[in-house]
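If you're matching them up, the sequences are chains Z and G in order.
For the first sequence, position 24 matches number 24 in the numbering used here, and the numbering has no gaps at all.
For the second sequence, position 4 matches number 4 in the numbering used here, and the numbering has no gaps at all.
Among the hints, a few may not be true.
[What the hints assert, rightly or not] Under the rule of at most 27 Å between Cα atoms (straight-line distance), these lysine-lysine pairs were calculated in the DSS-like manner:
#: 1; chain 1: G; residue 1: K48; chain 2: G; residue 2: K19
#: 2; chain 1: G; residue 1: K116; chain 2: Z; residue 2: K140
#: 3; chain 1: G; residue 1: K192; chain 2: G; residue 2: K204
#: 4; chain 1: G; residue 1: K192; chain 2: Z; residue 2: K58
#: 5; chain 1: G; residue 1: K46; chain 2: G; residue 2: K155
#: 6; chain 1: G; residue 1: K232; chain 2: G; residue 2: K48
#: 7; chain 1: G; residue 1: K196; chain 2: Z; residue 2: K58
#: 8; chain 1: G; residue 1: K19; chain 2: Z; residue 2: K82
#: 9; chain 1: Z; residue 1: K140; chain 2: Z; residue 2: K165
[As the list claims (entries may be wrong)] Coverage of chain G stretches by chain Z, computed from C-beta distances (three or more under 8 Å per stretch; other residues unrestricted):
#: 10; segment: 65-77
#: 11; segment: 83-96
#: 12; segment: 206-218
Since the hints were made in silico from the structure, they are not lab data.
C-beta atoms are modelled at their ideal positions from N, C-alpha and C, and glycine is treated no differently.
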Amino acid sequence: MGLSVSDRGKAVASFRYVHVDLMETLAHWTPTSPEMEVKLLLGEHIWDAAQNADALGKRTRELRLPLQHSLRPVDAYVELLKEVRQERDTSRRLSAFYDVVLPGLDARYHAYLEQTDALLDGPTVRILEQIRNTSARMIKQSRELRAELPALGNVDRGWIDAMQKRESRIPTLVS
Amino acid sequence: MQPLSAADTTVIRGITVRKGPAREACFTVVEDNSKLSFNADPDYEKGKDMSEGMRRNRIHTHMHNEMQNMEIAAQTLVDFADAPWELRMELARQCWDESRHSAVLLRRLQEMGGHKGEFPVMHYEWNITCMQDSLAARLAIQNRTFEGGEMDILKVHAQMWRDAGDKVTAGLLEAILSDEIHHVRFANVWLKRLAKDDPRVLLKVLTGISFMKWVSTVFAPAPDDVNASGAKVTDTVHPNPTNIEDRKLAEFTEQEIAELLRQDGFGQIVPRPS
């Protein structure tokens with residue numbers, strides 16, 4: 001059995017919250033990261049995150065919620081997003097965003113797509129497929145930048161593993 | 001927006017302004033026009049030196065300005081999280097546009113044999129705009145005034161590069177100008193909307209514009225100021241007439257354009273408002 005309208009609305013509104021938060025995190029990092037090439041990458045991805053949030057926010061109205069409605073995710077996930085935003089080191093910022101948060105979200109979208117009725121919930125499916133494609137491009141661009149400027153890839157592997165583990169231990173975003 | 005703390009601001013020539021964004025060590029950030037390194041070769045028309053070094057300097061300055069414009073739009077997204085979503089979308093899109101502009105100018109600079117950090121840069125626009133605690137004032141200063149002025153500059157500069165035989169750079173500037181029109185236009189549209197919803201917004205805009213004019217006056221070079229290249233600062237600039245066509249596209253009113261033309265010295269031919 002698929003998800004109810006209410007389940008789907010809550011999930012989409014929670015995903016929207018996350019993308020607005022990610023947009024703001026990238027915007028916060030743009031003036032505060034010194035490296036020019038990093039700034040330029042973040043500037044592009046601000047727009048990607050905004051478009052993701054916008055598409056999800058249009059879908060919320062179709063699921064009996066207000067237009068551009070966001071739902072605050074579970075505390076553990078909000079806390080994770082907050083800590084990621086507060087990171088000050090550029091290398092860790094990039095790693096937290098592109099190696100932890102985006103891949104983690106991709107796994108959550110995959111799980112949603114497995115659960116929902118692809119025909120009945122087709123509009124959400126299309127939006128999430130589009131977001132997954134966008135995220136894959138963003139991750140690829142960040143890897144290319146870090147390959148070009150290896151100093152940006154100097155992050156303790158143990159730290160990344162711990163962050164990934166922490167993210168994956170949060171069973172669901174929806175509060 | 002959260003009130004600025006002392007750590008967020010700095011004092012330049014006695015005026016408290018927003019502290020500049022983070023920069024790599026390769027950039028030399030100066031606080032004074034006279035510390036810039038524009039040349040004024042007498043072989044060229046005043047302010048239109050297109051010698052090899054000045055070509056790179058012009059591209060470098062523009063590249064840095066575009067990056068700064070992106071940082072201002074990003075900071076505005078952060079500072080005004082409660083702004084209408086459609087306006088936040090415009091600012092987010094502006095971040096991408098300015099990012100592309102800066103990247104394409106960096107690429108052009110490198111094609112010319114230059115590199116980032118080659119010339120001194122300023123944070124003038126950031127210092128003024130990001131000091132404002134009202135979204136309307138930021139739109140009025142950054143998008144409508146600074147970027148509106150950039151539309152005038154870009155039109156003149158695209159022609160300068162074309163005249164100098166560099167069609168590639170001229171084409172880049174024309175493409176950038178096309179994007180900038182929209183950044184000015186959305187500010188004009190939203191300023192009207194915000195002021196209609198709350199007329200007190202106009203007071204904030206007025207305060208912001210007064211601050212900008214005050215800083216501009218205090219920061220303006222003295223007539224005899226000589227810059228880091230030994231050129232008189234006043235010899236490194238040239239007039240940029242109002243770009244009427246693009247200002248119309250950016251939704252400036254006929255009256256506003258007429259006022260700008262009067263400031264350009266065309267008061268005799270501009271009809272007076274009845």
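Here is what the structure says about each hint:
no.	hint	result
1	K48/G - K19/G	31 Å, violated
2	K116/G - K140/Z	24 Å, holds
3	K192/G - K204/G	13 Å, holds
4	K192/G - K58/Z	25 Å, holds
5	K46/G - K155/G	17 Å, holds
6	K232/G - K48/G	13 Å, holds
7	K196/G - K58/Z	26 Å, holds
8	K19/G - K82/Z	24 Å, holds
9	K140/Z - K165/Z	22 Å, holds
10	65-77	holds (count 6)
11	83-96	holds (count 7)
12	206-218	violated (count 0)
Consistency note: the structure conflicts with the earlier hints numbered 1 and 12.
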